[in-house]
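Quick note, the sequences are listed as chains A and B, same order.
End of the first sequence sits at 310 in the numbering used here; the numbers just go up one at a time, nothing left out.
End of the second sequence sits at 338 in the numbering used here; the numbers just go up one at a time, nothing left out.
Derived from the structure by calculation, the hints contain no laboratory data.
For the chain B half of the interface with chain A, some residues (derived, Cβ under 7 Å), not all of them:
#1 25
#2 29
#3 32
#4 152
#5 157
#6 160
#7 269
#8 272
#9 273
#10 276
#11 292
#12 303
#13 315
For clarity, every value in this text was computed on a predicted model and none was experimentally measured.
C-beta: ideal position from N, C-alpha, C; glycine also.
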Amino acid sequence: MTPADSLWRLSWIRFRRSRLATFALLYVAFTAVVALFAPLIANRKPLLSRTAGGWSSPALRDFWIPDPDYDPPAVAATYALRAPVAFSPNTIDLGSRLLPPGNGHYLGTDDLGRDVLSRMIHGARISLTVGFFATIIAVLVGSFLGAMAGYYGGAADWIVSRVIEVVLCFPFLLLLLGIVALFRPSMLTIMIALGLTSWTNEARYVRGEFLRIREVEFAQAARASGARDGRIIFRHLLPNALAPMLVSASFGVASAILTESALSFLGLGVPLPTASWGSILSTAHEHIEYAWWLVLFPGLAIFSTVAAFNIVGERVREALDPHSD
Amino acid sequence: MTTYIVRRLLYAVLTFFGITVATFVLIHSVPGDPISFFIGRAGLNTIPVAVLDSIREEFHLDDPLPVQYLHWVRAAVTLDFGDSIVDRRPVRDRVLEKLPNTFTLNFIAFTVAALFGIPIGIWSAARSGRFAERASAVGFFLLYSLPSFWVALLLMQLFSVRNDLLPLFGMTSDDYFELSTPARLDDRLQHLVLPVITMAYAQLAIFARFSKSALTEVIRQDFITAARAKGAAPIAVYWHHAFRNALIPLITLFGLTVPYLLSGSVIVEQIFQWDGVGLLYIDSVLTRDYPTVMGLTVITAVVTLLASLVADILYAFADPRVRLGEKA
Chain A
-14 MTPADSLWRL SWIRFRRSRL ATFALLYVAF TAVVALFAPL IANRKPLLSR
36 TAGGWSSPAL RDFWIPDPDY DPPAVAATYA LRAPVAFSPN TIDLGSRLLP
86 PGNGHYLGTD DLGRDVLSRM IHGARISLTV GFFATIIAVL VGSFLGAMAG
136 YYGGAADWIV SRVIEVVLCF PFLLLLLGIV ALFRPSMLTI MIALGLTSWT
186 NEARYVRGEF LRIREVEFAQ AARASGARDG RIIFRHLLPN ALAPMLVSAS
236 FGVASAILTE SALSFLGLGV PLPTASWGSI LSTAHEHIEY AWWLVLFPGL
286 AIFSTVAAFN IVGERVREAL DPHSD
Chain B
11 MTTYIVRRLL YAVLTFFGIT VATFVLIHSV PGDPISFFIG RAGLNTIPVA
61 VLDSIREEFH LDDPLPVQYL HWVRAAVTLD FGDSIVDRRP VRDRVLEKLP
111 NTFTLNFIAF TVAALFGIPI GIWSAARSGR FAERASAVGF FLLYSLPSFW
161 VALLLMQLFS VRNDLLPLFG MTSDDYFELS TPARLDDRLQ HLVLPVITMA
211 YAQLAIFARF SKSALTEVIR QDFITAARAK GAAPIAVYWH HAFRNALIPL
261 ITLFGLTVPY LLSGSVIVEQ IFQWDGVGLL YIDSVLTRDY PTVMGLTVIT
311 AVVTLLASLV ADILYAFADP RVRLGEKA
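Bound conformation, chain B alone (with noise of 0.2 Å):
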């Protein structure tokens, strides 16, 4: 058991290390100066040889590109990825009061996916093959071919524009503070509700799908039939020997879904303005604010590299045939 976390860390740190690379590499593959990044419109003509010199000082921009990179990354470990060209404030103060925002949104999205998700899953994997069963996996396969922001729109369309049931867009209505608290936590409850469909339908069905394989995979195996053999009910059997089986596989899922839930979150937060993460990688990307767009990209993917590092250890945790199997 230790020696196999051990070595999935071992992974993770070399991983790490190739994330950064990875987007070192691709920063210094723009073409033309770095500097220009940093003073951006102004042109490198109009400004005095001085200054120029004391920014190349100031970001290495004179050292060799594997000193520049090491320079980066001994920031980075302690999360300094510089000031924002847009408000000179530290990449990691905005990233870090956004944050909040989009881990609420992408949490409550996360649990009604799963709450809905998981039990149609096991619904399908039990009346497999029969009409009903077909019938709605078509569905689920039709959900996964629908663009997110055309949903959003639609959903737009008829909750707010048709019917005036929800806000449109935003965190919060203009007269938030004027209300009571209550009145409070209804006004951020509505403004959460489309978001969060737009955000845990696809999700929904990866999760359907995901646990529908899991549970028919369990359902084949040799356990099962005995348990049947011994006249154990067909719901007996699903719930006490499949289910708790099956669920194992479902841990995988948590470490793959982080990737997808931050890619979502980009679309989801632009179109209805929620003032994330996503939205501030977006406006970084459309105004070339570089610091930003390299801390995010960095952040973003060791955040993924983590929650798939947590899954694995839990998985081995959970499935005693992975940490033994590592021994043989």
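Chain A with its partners taken away, still in its complex shape (with noise of 0.2 Å):
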């Protein structure tokens, strides 16, 4: 164990001391390895087949290439095995417009007959990229501004303060669904209106940590040595302070999929008909009268993994703070 790494080694042991929160770890692992693979886990695609031609694997092409116009192939297949979930998130099969869980479809169907659960399974990939992607905005432009304000004060700190206090002033998601309407809704706008949004609170924790040790002694020492100011800022400070970054940022993350599927369920999240939690949850309030597994298990799946990433991140800086349990 070096010196280096003992800070992290530690608060990994501390974080592991509760069960609570690395159940929530393995939750979110788990929901993120069922977004990597959901082409693989929902598909009405076979994912191993066996034609005339030869095996193939028709499922594993829509990595990269979204093929909703999927037709089986003329020669049947001699075997075919099939994904755990055979349905594609977008396949409309009006046949069987709101069916109840069972029939076929584990959590039943909505009312384009989409089946609900192969829809959930390809909305975590909506809902975890635009987390993540909107998180890392966060951290980066509020990790800079924060590093300036604390690192080089006077100035730069009451300008990066002011830009702070406007920004605190406009209601959250009402900014939000202006940004996003002004500019069409896509999953990049949604991305980059999310990360514009809501970096004040990554930029004040680095904007404290820097003016707590920038007069420290090793970065005294740093400037002592004739390093440049970029240097002594990405060097030296900006490591100190990834500890409460990395608790803002699993902060973040729940926020980020917490109002994204909010965006989504009022209509102006990823656009229709790529599948989303939010959006599920939206076609669940035109049919509340009878559909209520369309409001159960989508909610559900918002729900378990904002707290997953809440509890995380309230463990995390449990297990940082040297002065807790």
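Starting from two chains that each stand alone, build the complex the way the hints lay out.
Set out below in structure tokens:
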């Protein structure tokens, strides 16, 4: 154990002391695996099929080429290994509209006869991708501005603080809805808009950390040895601010997932027919009188994922804090 | 004290400037001629050049951007945000007529959340570390993660679809105008229950958490130890010595929750078809009614600014350390 990684190693040991948090971390990993392998888990094309032309994997192609207008091969397959959920997320089947769970559809179908479970599995991709990339943008913007404010102080600090004040004045969801509507909803717009509106916490953490450590001996030593500002900021100071950033990033992913699903619910999320958890709930709202399964399952998916990220974040905060337990 | 308030006011003016500049820049960074906002689907080619010129003239579109900004801010200060594209009525009137509905909903939800949340926070500070408190802390933590629109849909399923106890949506029943006055009041109350629960539960968790940490902070201080040491009863220590000091940080919370409430309003009003500002906002966004969107964005941001300003000034009145610290 080198002195440099001892904090992280100690924190990991402390992290695992909480069974709830360990379980939450496993659940996050599980969701990530489901999202990553969604085309292999829920797909109406076989994973492996053998036709006269030989072996092929039609489902595998969906990793890079989305192929909604798939037609089964004219030559019947002699062997086909089906995906665990044998429905694609966007396949419309008007003959089986609004079926309750069972009937071959584990979690029922929506108003266009699409399989709810398949849409949820593919929706995990949207939620996690938006959550992660929005948080990365927020962390980059926030830590850059926070570092400038904390390191240079004075005018830089004053300007960054005023900008934060202005951003915080806009009710978050209203600002986001406005931006997304102005620039047309798409996955990219949503990620950028979310990232650019939620960096204030990161900026404040990094600023606080920089104010605390910029005059500590090692920073002075770096300065005395002639290091440039950029080197001091990125090589010496920023690594010390990683811990609080990790905590706020974990909470950030949770809130980004929650916000993305709210946008989709309001009809301004990732455009249809792409499946997302929020858009299934929006269908549920239209059919609230009878389709309870459309309400229950996607909501549970949002809640459990957001809760898992929040629990992990809270535990990381406790584990990194030398004063707790 | 006066210098503190004056300085705070100056910052508020600056922030107001920032809010308007940010909104203006945002609108003008949208690709395309701003004129296409106003004519919509018709397309530029179908409109005579003279008409286009008169539109440019009317909205100062030929002026340099800073001049356009000044025109817009001058109108905005008098609450003139132009006319809605949807019905050609002034944005101000459309917002003002919806405001009471949003205010009623938020005020009741806020009160309910405070009435339940603050006592729960005090209870958990007093019982800190015991099993019941730790279990409830996890429970409140999970409350944060609940999407409010999901909670709303579950409540609708439970209370309106499964058991016909409460109305599904709207502010009043269809036969509202045929009802007697007491029946009308009852009807309105019934329509309030589900939206208020949806708005209040998450707030309640925030109130509980905030008042718990405020009280825990106070309990650590020397004067509480002194009160205990002189033999004051635990209840008296809490109510007499600790609680009143813990109330001070709660003032900031009132300022902080306003933007949160406004965001929540958008979702709740959309789900329950509550005819307020939130529903107006989402409708305007969906119909790309830019003057209304811009006007409401500025109005809500200014409301937030005023709330935090009032909270800061009240804080200075309540806590002498803030205003005296300024002089040092």
